[in-house]
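> In my numbering, the protein residues as written are 301 to 438.
Honestly, the hints are just simulated from the structure, not real lab data.
In this text, a Cβ means the ideal position worked out from N, Cα and C, and glycines have one as well.
Please note that the accuracy of each hint is not assured.
[What the hints assert, rightly or not] Straight line, CA to CA, 27 Å or less: simulated DSS-like cross-link-like pairs of lysine-lysine:
1) K355 - K377
2) K377 - K419
3) K344 - K355
4) K433 - K419
[What the hints assert, rightly or not] Estimated spans, in silico, between C-beta atoms of each pair:
5) K433 - D373: 27 to 37 Å
6) S379 - V432: 16 to 26 Å
7) D387 - P363: 34 to 44 Å
8) N394 - P429: 20 to 30 Å
9) D386 - Q415: 31 to 41 Å
10) D345 - D421: 26 to 36 Å
11) E356 - N431: 52 to 62 Å
12) D421 - E351: 48 to 58 Å
13) P413 - G359: 28 to 38 Å
14) N394 - S348: 24 to 34 Å
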Amino acid sequence: MEDRSQFMNREEKKPVVTETLEEVKKEPILVCPPLRSRTYIPPKDLQSHLESCVKEIFGSSAPSNWQDVSLEDGHLKFSFLSRLADDLGHAVPNSRLHDMCRVRDVLDFYNVPVQDRCKFDELIASNLPPNVKITWGY
């Protein structure tokens, strides 16, 4: 019976708080990274630069026509494209990697200039008729 009396008379114990905690609220620091410019202008010596990269990465296995070198080997393709991305500051996007089968495809990709402007900026810069106005604050 003693065991039962212990359970019947037992009171709920409340936790003892020895010190009070002060809630510290700090404003989160949100730092926006600078907008990345996607502008790319092909360098004048692009062909010679690609040719030297092909000879350096593919070595003696490269045929005499360096633009026909196949990019089937994934390791060599990665080395080649990452080297060009570092050198030129412009990378082949993931959605276009499957299109890069030969060095010629890479050369065609890097020959296309990229402008970092939206369509509204292009419209403003173009010669619009006098009755067409573009207003940003609408």
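> Which constraints among the numbered hints does this structure fail? Numbers only, ascending.
Checked against the structure, the hints that fail are numbers 2, 5, 6, 7, 8, 9, 12, while the rest are satisfied.
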